[in-house]
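Construct the complete structure from the given sequences, taking the supplied hints into account.
Heads up: the sequence lines are chains A and G, in that order.
Here my numbering is used: position 105 in the first sequence is 105, and no number is missing along the way.
Here my numbering is used: position 13 in the second sequence is 175, and no number is missing along the way.
In short, the hints are calculated from the structure, not lab data.
Fair warning: there could be bad hints in the mix.
Claimed, not checked - Not everything, but these chain G residues come out facing chain A in the computed CB check (under 10 Å): (1) Ser168; (2) Asp184; (3) Ser214; (4) Arg218.
Remember, it's a predicted structure, so these values are computed and weren't measured experimentally.
All C-beta atoms, glycine included, are put in the ideal place defined by N, C-alpha and C.
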Amino acid sequence: MSPRAACRLESLGFTPIYDYVAGLADWTANGLPTEGRLASVLRAGDVVRQDTPTCRLTERLGDAQERARAAGQNVCVVTTENGVVLGRIRGEALEGDADMSVESVMEAGPTTIRPDIPLKEYMEHMRAMRVGSILVTTSTGRLLGILYRQDAEEKLGSSTTT
Amino acid sequence: MPTDISRERVQELVAEGAQLVDVRPDAEFQGQHIAGAIFLPPKSLDAAATASTLDRNRAVVVY
Numbered sequence: 001m002s003p004r005a006a007c008r009l010e011s012l013g014f015t016p017i018y019d020y021v022a023g024l025a026d027w028t029a030n031g032l033p034t035e036g037r038l039a040s041v042l043r044a045g046d047v048v049r050q051d052t053p054t055c056r057l058t059e060r061l062g063d064a065q066e067r068a069r070a071a072g073q074n075v076c077v078v079t080t081e082n083g084v085v086l087g088r089i090r091g092e093a094l095e096g097d098a099d100m101s102v103e104s105v106m107e108a109g110p111t112t113i114r115p116d117i118p119l120k121e122y123m124e125h126m127r128a129m130r131v132g133s134i135l136v137t138t139s140t141g142r143l144l145g146i147l148y149r150q151d152a153e154e155k156l157g158s159s160t161t162t
Numbered sequence: 163m164p165t166d167i168s169r170e171r172v173q174e175l176v177a178e179g180a181q182l183v184d185v186r187p188d189a190e191f192q193g194q195h196i197a198g199a200i201f202l203p204p205k206s207l208d209a210a211a212t213a214s215t216l217d218r219n220r221a222v223v224v225y
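This is the structure we're talking about:
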């Protein structure tokens, strides 16, 4: 929608015109201020851990292991140079032979969610499905980080007691 | 052609005085919008509405 609006404003003589295509989802994912009726609703993007270790398809499993260890997490997300999610390595797969290729051990096409999903509803879904964590990406597939159910439960718990 | 920009660039431009314009439908704007954004839905993007809402001498960022 915004590309058309940007072109329309340009045709009306406004210049310069810039288009923030990533928009509100990207803004909220980074904890920046918003206003409106639903601005105070907690969303997935509010509790995303952004220090997620990543690796490239062409790297060795050893590289992924090293980054996961340094970040203190049991996961490494496989992305393109531009940060688009291709896969994930976790659990036993992350403990394999360091000389294996990332591509040969990764779990391809992991489920992802967008950062503007309301946290409470999604946390209930995670609990029902016994999901401990989920990748959060922009609508273009670029990794924002990982949402851990434990973080979501703590955040929702603290928001109801304060 | 309008330029696609990053969040960091949005923040810089707004700090320099750019006008941030939300062009999504009314319900979405009322629900949640970037703090300080001006509401200007697609159907209002005509000469009269923009002339009364926006300053031609300042940059415009839409989302």
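These are the hints, each one checked on the structure:
1. Below 10 Å, beta-carbon pairs count as interface contacts, and serine 168 of chain G has one with chain A at about 7 Å; its hint therefore holds.
2. The criterion of a C-beta within 10 Å of any C-beta in chain A is met by aspartate 184 of chain G, whose closest approach is roughly 8 Å, and the hint holds.
3. Hint on serine 214 of chain G is violated. Least Cβ distance to chain A is approximately 12 Å, over the 10 Å limit.
4. Hint status for arginine 218 of chain G relative to chain A: holds, with the closest Cβ pair at about 6 Å, below 10 Å.
Violation of the numbered hints given earlier is confined to hint 3; every other hint is satisfied by the structure.
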